[in-house]
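J.: Okay, here's what each chain looks like letter by letter:
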Amino acid sequence: MRFLLQPSPAALERARPPVRTFLAFAALLLVAEVIQRAVSGTLSPAGLAATLSPAEGERLGPVALWEEVHQGAFLYGFLLLTVGSLLVVCPLAAALRNALLAVATGAALVDLLAPFLPLALPGFSPWAGLRIAGFSVATAALLASVATAFVTFGRAPRRTDG
Amino acid sequence: MADAGLRRFRAPIAVFTAMTLILAATGAVLFVRKMGLRPGEVTAYYLGTAGPFGKPRTLRGLLEVAVPHLLAVPLVLFVALHLVAFAGELPPRTVRRLSRASFGFALIGLLSGFGIRWVWPALSVAKIAAFVGFEATLAALIVLLVSLLAHAPEATEAEGPARSRAPAAR
Numbered sequence: 001m002r003f004l005l006q007p008s009p010a011a012l013e014r015a016r017p018p019v020r021t022f023l024a025f026a027a028l029l030l031v032a033e034v035i036q037r038a039v040s041g042t043l044s045p046a047g048l049a050a051t052l053s054p055a056e057g058e059r060l061g062p063v064a065l066w067e068e069v070h071q072g073a074f075l076y077g078f079l080l081l082t083v084g085s086l087l088v089v090c091p092l093a094a095a096l097r098n099a100l101l102a103v104a105t106g107a108a109l110v111d112l113l114a115p116f117l118p119l120a121l122p123g124f125s126p127w128a129g130l131r132i133a134g135f136s137v138a139t140a141a142l143l144a145s146v147a148t149a150f151v152t153f154g155r156a157p158r159r160t161d162g
Numbered sequence: 163m164a165d166a167g168l169r170r171f172r173a174p175i176a177v178f179t180a181m182t183l184i185l186a187a188t189g190a191v192l193f194v195r196k197m198g199l200r201p202g203e204v205t206a207y208y209l210g211t212a213g214p215f216g217k218p219r220t221l222r223g224l225l226e227v228a229v230p231h232l233l234a235v236p237l238v239l240f241v242a243l244h245l246v247a248f249a250g251e252l253p254p255r256t257v258r259r260l261s262r263a264s265f266g267f268a269l270i271g272l273l274s275g276f277g278i279r280w281v282w283p284a285l286s287v288a289k290i291a292a293f294v295g296f297e298a299t300l301a302a303l304i305v306l307l308v309s310l311l312a313h314a315p316e317a318t319e320a321e322g323p324a325r326s327r328a329p330a331a332r
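Chains as they are written, first to last, in the working numbering: chain A, 1 to 162; chain B, 163 to 332.
Honestly, the hints are just simulated from the structure, not real lab data. Heads up, the beta-carbon is just placed ideally off N, CA and C, and yes, glycines get one too. The reader is advised that the hints may include incorrect statements.
[Unchecked claim] Label pairs and their in silico Cβ distance ranges: (1) A:5 - B:298: 26 to 32 angstroms; (2) A:9 - B:233: 31 to 37 angstroms; (3) A:98 - B:255: 34 to 40 angstroms; (4) B:217 - A:98: 35 to 41 angstroms; (5) A:39 - B:282: 38 to 44 angstroms; (6) A:67 - B:263: 25 to 31 angstroms; (7) A:47 - B:232: 30 to 36 angstroms; (8) B:244 - A:16: 37 to 43 angstroms; (9) B:222 - A:9: 47 to 53 angstroms; (10) A:98 - B:196: 20 to 26 angstroms; (11) A:5 - B:222: 40 to 46 angstroms; (12) B:232 - A:51: 39 to 45 angstroms.
[Claimed, not checked] Computed far set for chain B versus chain A, every beta-carbon distance over 12 angstroms: (13) 176; (14) 210; (15) 219; (16) 238; (17) 255; (18) 257; (19) 260; (20) 263; (21) 269; (22) 280; (23) 281; (24) 290; (25) 291; (26) 309.
Start from the sequences and build out the full structure, keeping to the hints where you can.
T.: If you want it as structure tokens, here you go:
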């Protein structure tokens, strides 16, 4: 990980092939996650409601919800840490890098936490749509981050002095 | 954040810390909801209870939970401990102790389920102690990470973006 803390041209050059392979796998993981949710029916509000809605009197929601959030936090945590850290050593404008990370993080939190809304606000029905939107935006922002890092990692910064 | 190199990674570290907090909180809720915090409840979870739904846990069932945790738990601890250690604000001895305690609690927690089921049901006490210890060390790591983030000075443009450090020519 020396290339992250001391990103010399030589270190970045050496790190480029494995970093790009890792990013390709990260993209595959994101696509697989979309397919998995589609196959399990949780990309539709009805499918989500069937699996994650709290039953009558279930104050904390179903165990399946907690398991999903537990797994999701691990997945998002590592993806955002690794991809976010790689973006730091890419020749990008800080505003773009921060925007990608902020959008992905905010949307990931919506994806993880939206199913808890009906526990705090009984009868709050838009939670499922909110979760699907959060997942879609988080996945899109992460894919954009992965693609940006894939293209720019180890590249020379664009000269602005003419 | 004593290590200047880490300052530039504040945002991804903050996100990782937030997700680790969610991980720890949901892990605690799942433990309590599935097993409970009394030795008798934990033993009943592994050995089963009288009635049609109280079957003992199978090896397959235990492995389905243990195998992903054998990857995920050490990874989370490894990254969190590395960040805390790299920041350089804790004495190495404290980092070593925190590392041994967190990995030790994690290992005991993972193995004691198998022990309760097939070796000695009274290991449920060790399972609960390991769970409480693991959550406590994880909470300590989260607090340390938050404290490092809170005390980190703003990165200057010269130290910050990769723009100035990326290769000059290819």
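J.: Indicate, hint by hint, whether the structure satisfies it.
T.: Right, here's what the structure says about each hint:
no., hint, result
1, A:5 - B:298: 26 to 32 angstroms, "holds (30 angstroms)"
2, A:9 - B:233: 31 to 37 angstroms, "holds (34 angstroms)"
3, A:98 - B:255: 34 to 40 angstroms, "holds (37 angstroms)"
4, B:217 - A:98: 35 to 41 angstroms, "violated (51 angstroms)"
5, A:39 - B:282: 38 to 44 angstroms, "holds (42 angstroms)"
6, A:67 - B:263: 25 to 31 angstroms, "holds (26 angstroms)"
7, A:47 - B:232: 30 to 36 angstroms, "holds (31 angstroms)"
8, B:244 - A:16: 37 to 43 angstroms, "violated (23 angstroms)"
9, B:222 - A:9: 47 to 53 angstroms, "holds (51 angstroms)"
10, A:98 - B:196: 20 to 26 angstroms, "violated (39 angstroms)"
11, A:5 - B:222: 40 to 46 angstroms, "holds (43 angstroms)"
12, B:232 - A:51: 39 to 45 angstroms, "violated (27 angstroms)"
13, 176, "violated (9 angstroms)"
14, 210, "holds (18 angstroms)"
15, 219, "holds (16 angstroms)"
16, 238, "violated (7 angstroms)"
17, 255, "holds (23 angstroms)"
18, 257, "holds (17 angstroms)"
19, 260, "holds (19 angstroms)"
20, 263, "holds (21 angstroms)"
21, 269, "holds (19 angstroms)"
22, 280, "holds (25 angstroms)"
23, 281, "holds (27 angstroms)"
24, 290, "holds (19 angstroms)"
25, 291, "holds (21 angstroms)"
26, 309, "holds (18 angstroms)"
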